[in-house]
Each structure stands twice: as structure tokens, then as C-alpha cells.
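Generate the whole structure from the sequences, applying the supplied hints.
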Amino acid sequence: MADFDVPEIKEYIEVPEPRVGVTAHIAPFKSQEKFQEPLGFPGELVDNWQEKAIEKMGDLLGKYRSLQVFLDICVHCGACTDKCHYFLGTEDANNMPVARQELLRKVYRRYFTFAGKYFPKLVGAIDLTEDVLDQWYSYFHQCSQCRRCSVFCPYGIDTAEISMAAREIMDSVGVGQKYCNEIIGKVFVIGNNLGLPEPALADTLEGLEEEVEEDTGVKVRYPLDEKGADILLVTPSADFFAEPHVDGLIGYGKVFHEAGVSWTLSSKASEAANFGMFIGSYENMRRIALRIREAALELGVKRIVFGECGHAWRVAYSFLNTLAGPFDFLDPNYPVPQHICEFTYNLIQEGKLKFDKSENDHMRLTFHDSCNVARASRMGNFEGGQFVIPREVIKACCNHYFDMEEDTTEEATFCCGGGGGLLTDDIMEIRVKGALPRMQALKHVVEENGVTHMAAICAICKSQFSKVMPYYGFTMDQIVSVHQLVSNAIILSDAPAEQEAAEG
Amino acid sequence: MPIEVNGKTLETDEEGYLANLNEWEPEVATIMAKEDGTELTDAHWEVINFLREYYDEYQIAPAVRVLTKAIGKKLGKDKGNSKYLYELFPYGPAKQACKYAGLPKPTGCV
Chain A
1347 MADFDVPEIK EYIEVPEPRV GVTAHIAPFK SQEKFQEPLG FPGELVDNWQ
1397 EKAIEKMGDL LGKYRSLQVF LDICVHCGAC TDKCHYFLGT EDANNMPVAR
1447 QELLRKVYRR YFTFAGKYFP KLVGAIDLTE DVLDQWYSYF HQCSQCRRCS
1497 VFCPYGIDTA EISMAAREIM DSVGVGQKYC NEIIGKVFVI GNNLGLPEPA
1547 LADTLEGLEE EVEEDTGVKV RYPLDEKGAD ILLVTPSADF FAEPHVDGLI
1597 GYGKVFHEAG VSWTLSSKAS EAANFGMFIG SYENMRRIAL RIREAALELG
1647 VKRIVFGECG HAWRVAYSFL NTLAGPFDFL DPNYPVPQHI CEFTYNLIQE
1697 GKLKFDKSEN DHMRLTFHDS CNVARASRMG NFEGGQFVIP REVIKACCNH
1747 YFDMEEDTTE EATFCCGGGG GLLTDDIMEI RVKGALPRMQ ALKHVVEENG
1797 VTHMAAICAI CKSQFSKVMP YYGFTMDQIV SVHQLVSNAI ILSDAPAEQE
1847 AAEG
Chain B
756 MPIEVNGKTL ETDEEGYLAN LNEWEPEVAT IMAKEDGTEL TDAHWEVINF
806 LREYYDEYQI APAVRVLTKA IGKKLGKDKG NSKYLYELFP YGPAKQACKY
856 AGLPKPTGCV
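Protein sequence lines, in the order shown, are assigned to chains A and B. For the first sequence, our numbering gives the first residue as 1347, with consecutive numbering after it. For the second sequence, our numbering gives the first residue as 756, with consecutive numbering after it.
In silico DSSO-like links for lysine-lysine, alpha-carbon gap of 27 Å or less:
no.: 1; chain 1: B; residue 1: K838; chain 2: A; residue 2: K1789
no.: 2; chain 1: B; residue 1: K824; chain 2: B; residue 2: K838
no.: 3; chain 1: B; residue 1: K860; chain 2: A; residue 2: K1380
no.: 4; chain 1: A; residue 1: K1565; chain 2: B; residue 2: K832
Simulated from the structure, these hints should not be mistaken for laboratory data.
This is the structure we're talking about:
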């Protein structure tokens, strides 16, 4: 099945002996001129690239105080070394977070510190050479920007920010990653990562309405570009396209239907994802985020709700207001934006949703905390809401729920292995190996508690798991959407009586 | 890696998808499948033809539910699901079938 060795799942996570360069060969396809230019990046490696790269590094150090601090304060204590899923899965020494940071830090020292300028060898400072650039390209694309290491770092050094800076520097000299940059270009031209044009989106949503009506006897709507709707739903385009994502979308629609609110999707903002963050490009991130503002204004909505997408929620929760605000035209009685899980949770708390939990009795569930939701945002109006709310939603509609080991959940959650712009088939080896710690924790609850399915609230996690789970002896359909569970169990109050009888 | 079809050399991208959609002809699918060790049957062609028709109209591959629904209508409900499609195209209907049909690879979080 694979042209690489799939790691063996052991009973406990074993910290491997670091090996040098075992995954140095893994690097995603490079971007081409046609994908670089729409993002404002050079089409190929520029002539004076060293000079330009150092200039860019200086620019970023000036803009982001955090970057400078992270590059200065590491004391090499080693607390982070065994916290990265890519290190645990690959054993490559450069995948220890401190070593990954050092790839950039060594160059930083050389050009930006007194000791590095005059006594480079004494302080481990190195010139930016082509070999170093290759290493950057490889290892900064073996980081999913999940921020797990930062939780364990006594200084809170965030490798994600260092990876983002490295990618931004590389893009600025013409070395971009095809997967992310092609996709960002599609968002600008068509409105979403998939390149799904408005007529196809309309056709797809119409098909879903028919499907849901056939299943339930209820005309649940999946509206597109409806002016004057109260809520704009911004969701990853994978929700329109792929499984199990689409079952989550069906669930959102049923919740809105039951809540009796008017809502709409937008063909302009037909994507929640914002890959501008993955490549560390503020400009591109902002341009992508502004579509949401424009769509909200054009449609005249009062609220914005985000669907199940991990990094989109980070951008939405943490950055949307500064990127695309102020949102003073929205109803101030609601959070801007709100997560779909919070929306559903609130209705559950108010007793406005009824469930038949037995509809999910064929499954025993666990929940995978997505990194960007767990470690880079919050949900609801209480601390830890991002952990509690999705679990409470699952428990409200399922009889059998079990958590995975606590050192693999909540803020210590392990990445699915495909986040941060790595969800591309050309680096399947790193994706499979990076999934090891999560697969191990999953196997544990499968054996201990008879868990059959894992639920997630991130499009990347869902696609990644459906692809990599078979490598570890699971099946691709063992990953489900949280709102898929909601969709299965929700009782639609206007369902025809005979339908309910037939189901009951 | 370009592919040879009926004496012509057709460009492909890094992942083997046809660079120029207009150059597609049925032999493209047959040859690509052969490289994967697959012999295309009528069942495969039903999917490939639907993908091409849909793409002609919408400039994108159909979403999985659009595809399963269409196949279900044509071939019977028992075949209108992704399990059936994965039996035909083990690397995934979106990715493998699109490649044979000469469509670009779906991008994004899929």
C-alpha cells in the first residue's frame, strides 16, 4: 500500500532515538509562476535571493515582536523534543521542535546578532546557503503548525509562528508550495479552495435538499446567496464536496431549520478556510478574510456562523476583527463570529432541540480535538468551551461516548498529521507517520471501550483521517463529522407523522 | 511525466493529471488505468463519462453526493454510494476517476 514503512502502533508512545535526516527527502511540490504571481510572490527563485531573504527576515522581525522573542529566548531545555507528532512518527532529529526552530534561528543569529556576525562558529550561526534553503523547504513543510510543542515549552515558544515566518520568507524569494498557493489563487478567482463555481454549488445544494427531503419528509433548506437572511454560514468547501464533511453540512441545515432562523451560504465567501495563515502571509490572509466581510454586507446578514473547520476558526475567532473588521453592522447580541457547535450547544441548553440518541447506537464515539480549535481559540463564553461544547453536543445525540487518553486530548491533543497546509498527496509519507500518536490513542479506546468512530470538527482532520486510517488497520468511514451525529439524531418537529412512526 | 496516446505525446502535471483537458480521448483513460494495473470496465466508463459531462457543464468535478446520486439513478440504488465507487476506484472516485477522465485534481481540504 505504501512505498515507505508505516510505523507500528505500540501500547504506549515510545520516544524514539533521534536519527539525522531520515525524512530530509520529504518535501511538497513547489509552486509555479502561475500560482505564485496572483499572491504577489515571485514566480521563481530570484537572483539575489539570499539578500532578499535576509531582508524579509528583518522585515518580519520588525513586524512581529513575538518572532524576535522566540528566536532569542530558547534555552535548549529540551521540553519540546518529544512533543511533536512528526518527530514521534518519523524519528528525524530535525522534527524535534527545537531543532526545527534552530534551522531558522542559526541563520537569524548569523545576520541579526552581534556574536553571530563576528564569531559565527562560536554561537552556531550559519550562512543562508542553498542547502539551508532546501532544509527549510523540507522541514518547515513537516510542521503542521499545531502548536502542541508550545504548550510544553516553559517560555511558550510557538514553532507555528516560526514555520509561518520561514514559509513567508521562502515565498518572498520565489520558493512557494504548490498545494497552498494554487488553492489561495482559486479562492481569489472562484471563491473557494475547491474551485467550485456558483452554478455547481447551487446544483450541489439543490441535490442535498432533495436528499434530505427524501430521508426525512421535511423540506430542509440549504439556501445560497439569499439577501436579508439573518445568518451567513461560512464553511469549508469540503463540506459541499466530500464525505463525511457533507453529512455535517446536512446537520447544520437541520439545526437551523429546527431553530427557525433564516440563514444562507454565500457563493462569494463559499470557503471558511484561510490558507493565508499557513503560508504566514498577512496580506493574503487579509484578502481572503475580506470576502467574508463583503459577503456579509452584500447579503445584509445580522450574524456570521462558522462551520466545522479548525484553522478557519482560529482565523475567525482570533483574527477576523483585525483583518476584516469592524463588524459593527452585525447584531451585537451575538458573538462575531459564532461557531456552529456553540450555536447548536446553546439550543440544546435552551431545550430547543430534541434528539433520538438511538439513531447513533450503531456507533461508539470518541472526539478528536483539532489543534487550531483546541490551542489557538476558544468557543462559547466560558474557559475551556472549545473542549466542552463539542463533547456536549456529541453526548446530547449519542449514547456511547468515550474520551481518549488525556495526554492526547484538549490542549495536549495530537494533530491529525495533515494540518498546516500538508494535506497533499505528494507528502503522504509525512502525513501517515505524523498520524501515529493519534492512531495509537484511538486504538487504545477501540480496545478498551469498543469505540467504533471518531468525530472531528475540522475539514482537514476529516480528510486526513479518511486517507490515513487505512494505513493503520482502520477503515476510512470511521471518521465522522460532529454535526453528522446531530443530523442522525435530531428530531425534526415538522416531520410527517408516518415518517416518525416508520423511524421510531 | 508525459503519456503516449495514439502516437501523440500528452503533457501531464507532477501527479499525472492531464495538463490540457482538451487533449483527452478515451485511450487516455485506458492507458492511465493500465499503468495502475486496472482494466476499465463498463462500470468505470459510466463514472468517467458522467464526470466529463458534469465538468463540461460546471467546470468542476461533481461533489461526492452529486456523483453517487447520478450513478444510483443510472445503475440502481445499491450502486449509488461511495463504497461502490471506491470498489471501482480504490484511490478515490474524486482523485483517481478524475485523473482518468482528464479532469484536474480537486484541491482543498478533500
